[in-house]
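Protein chains in written order, with our numbering: chain A, 15 to 216; chain B, 15 to 216; chain C, 627 to 849; chain D, 627 to 849.
These are computed hints drawn from the structure, not numbers from a lab. Quantities reported herein were computed from a predicted structural model and do not represent experimental measurements. It cannot be assumed that every hint is accurate.
What the hints assert, rightly or not - Okay, derived cross-link-like pairs now, DSS-like style, lysine-lysine, Cα gap no bigger than 27 Å in a straight line:
no., chain 1, residue 1, chain 2, residue 2
1, B, LYS42, D, LYS701
2, A, LYS42, C, LYS787
3, C, LYS787, D, LYS787
4, C, LYS701, C, LYS723
5, D, LYS723, D, LYS701
6, C, LYS701, A, LYS42
7, B, LYS42, D, LYS787
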Amino acid sequence: MSRHEDTVPSGPDAALRTRALESLLVEKGLVTTERIDEVVNMYENDVGPLNGARVVARAWTDPDYRRRLLEDGRAAIAELGFSGREGAEIVVLENTPEVHNVVVCTLCSCYPWQVLGLPPGWYKSYAYRSRLVREPRAVLKEFDLHLPDSVEVRVWDSNSDLRYMVLPERPGGTEGFTEEALVPLVTRDAMIGVARLDSPST
Amino acid sequence: MSRHEDTVPSGPDAALRTRALESLLVEKGLVTTERIDEVVNMYENDVGPLNGARVVARAWTDPDYRRRLLEDGRAAIAELGFSGREGAEIVVLENTPEVHNVVVCTLCSCYPWQVLGLPPGWYKSYAYRSRLVREPRAVLKEFDLHLPDSVEVRVWDSNSDLRYMVLPERPGGTEGFTEEALVPLVTRDAMIGVARLDSPST
Amino acid sequence: MDGIHDMGGMHGFGPVVREEDEPLFHHEWERRVLGIAVATPVPVPGGSRNNIENMDPAHYLSSTYYEKWLHSRVKGLIDAGALTANELETRMALLRKRPDAETPVHPDPDGVRADLASRGTAPSTPSQADVRPQYQEGDPVLALNLHPEGHTRLPRYVRGKTGTIARFYGIHDLQDAELPRGCVRREQPLYAVRFASRELWGECAEAGSAVYLDMWEGYLEPV
Amino acid sequence: MDGIHDMGGMHGFGPVVREEDEPLFHHEWERRVLGIAVATPVPVPGGSRNNIENMDPAHYLSSTYYEKWLHSRVKGLIDAGALTANELETRMALLRKRPDAETPVHPDPDGVRADLASRGTAPSTPSQADVRPQYQEGDPVLALNLHPEGHTRLPRYVRGKTGTIARFYGIHDLQDAELPRGCVRREQPLYAVRFASRELWGECAEAGSAVYLDMWEGYLEPV
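Please construct the entire structure, taking both the sequences and the accompanying hints into account.
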């Protein structure tokens, strides 16, 4: 884990600087402690991959919704109540047996917060940012995703203000599942595109 | 000076590691302390820009030598006894009123040791290595060298095992000077190409 | 800006390492930095990303994600005139000496709350500018060889390469610090452009793969 | 290798700073590192530059010139089997504890001296291989878009760009770790190729300037 820049221990200075910054902003009336708490609370408890999973499960079970989702991601996601503070446009990429989509942000770490929450450390890592566009298959193998040569890999580099989310393929063996039963099968990694979803082992 | 990576103070570890390394190599008979001293002594006392200055002064005063120097730098430089341990091929670039040459090594810090000695810190700096190929005029201005638009700037990136040295223009007002009198006028920076030589203020 | 952040395609960063059972935050201060950055309605002059991209490259690489955010926010608040470096240093010195020191509060907390509540973050909607897209799906296009000093969304690895228009996203504001030459307005057609891996990476490319980039029309030239 | 060392054209490293009255060395240990590197006749497996280029990018940027040399030499000697990491750590621990400790010497100093004296560093002369250059002065050429993982002398900023053969330097050994596809031998014609700044940097280029790069024939394609 030593290369993982997000797990590098930070100096005590960052903690002190942050505390000083917050106290000054509060003193100046530019923000309140409660507002900061609210934001943190939102990303810790309300906004996360479960949002995306609900979108995916709906798309798997409602062909009209799927169509709307692929046409205008933001509007279809807002139907489920996930507009997010960012309010960014979302483009949903449909995985098929022939095409596998995977998302990266080489210049920064842009990520569809409103449907997936805060990005994991590896998504922000220099290794992922630098390598995915050049050798997606090699990177996906490190995620234990071995795609056959017949599948085209499409890497989407989120360089504008659009955000990308992958609509994974519905796993086999879920034909009779309700929307609610499908939700827990959908993983964050599958919605980034570094994983496929397995059949539930029932 | 804070950005100058060569003046960053090094931790005590480098000194200790170097001493341990030397003692092990000596113990194993892979090198001797005297050989290391010899090399250091050579670069501190024998090999430096004075070598290059002698080459330049000879070329200014001996048209045949100049021709040989521009045709086969290594052979002409060896005539003056400067072959160097590196023994690399040297290409000599002739500055004229129309063309100004300047040398860099973007990938590393390659430098014509046998005629100029060890490179200065700025030559090894990331700023020089990154910027010279993209904005040579802007960089040269920081060296107080303001070239008119009519002069073409040629940047030579030493990416192979050849080494480059600039033959500066002979300054005006030196018509009667002997070769020996010309030597002290020739600066290291002029032979890298980040300076022109001024007329001697006699 | 051809900076250290523009790392698409680079070698040397090792394997992608995943942390098992990764928490959302590794330090309490990271929580606060996220909260401050999102909740404080003071725009960062020049943009938050620009501040991060302009960090010294060695500092950039050795900083964590939230350290970069903290750096960018502090610089942005100072640049915006909301606080001074001296105020921050003084406050840090106080808290270093007396970690449980009480710090001053605002005299009118209700006013602050009301003020913050009145500022909704307006979602960025596609611009409705009357601009006609020049390209259609399937058109071949060339990414321009631009090297602006300021912020840009055109990564190095795609410049000078030929791709194909894959999708039209409507009219969006170009995010570059400066408009590319020839552009007169920020509202520009935005496309997904498909670049074959072979075109980007030559003989070293993996087979059966392509990269899609969002390209404003000003980045492109007809082929 | 598209590594951190390949920095030609990058922004973000600030102005070129010169040190007044700069000494040849800033620390005594730098002297010794130079001396060790030049005087020790143990070749670095894979090459000294390759070791430096493969440093972690943050470590590369925060290391000084002689720190990089030291890193590369130590790694090279370990890789060559001349010493072990453990030996070095043990010796460092000894010297840390007792800075004036006497360290063991070689039992046959005269033999060592004689052995070192017998090894001249052979100057690298241009190869005399029977290879005919494919290009002539003035020919337009395209630099290939290669992205090898190993050491290469083809910098990123010139790939895919068109230049002109300016000078033929004879036959030289290609220094890349791997031969570019289509090449069968290392001995290749080497040229100076002139690239107009405008070709390299587009509209951001300075007027009246050009970059000359040494290009082995395997880097080039006729235009």
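Let me make sure I understand: some of the numbered hints might not hold for this structure. Which ones are they, in numerical order?
Of the numbered hints, 2 and 7 do not hold.
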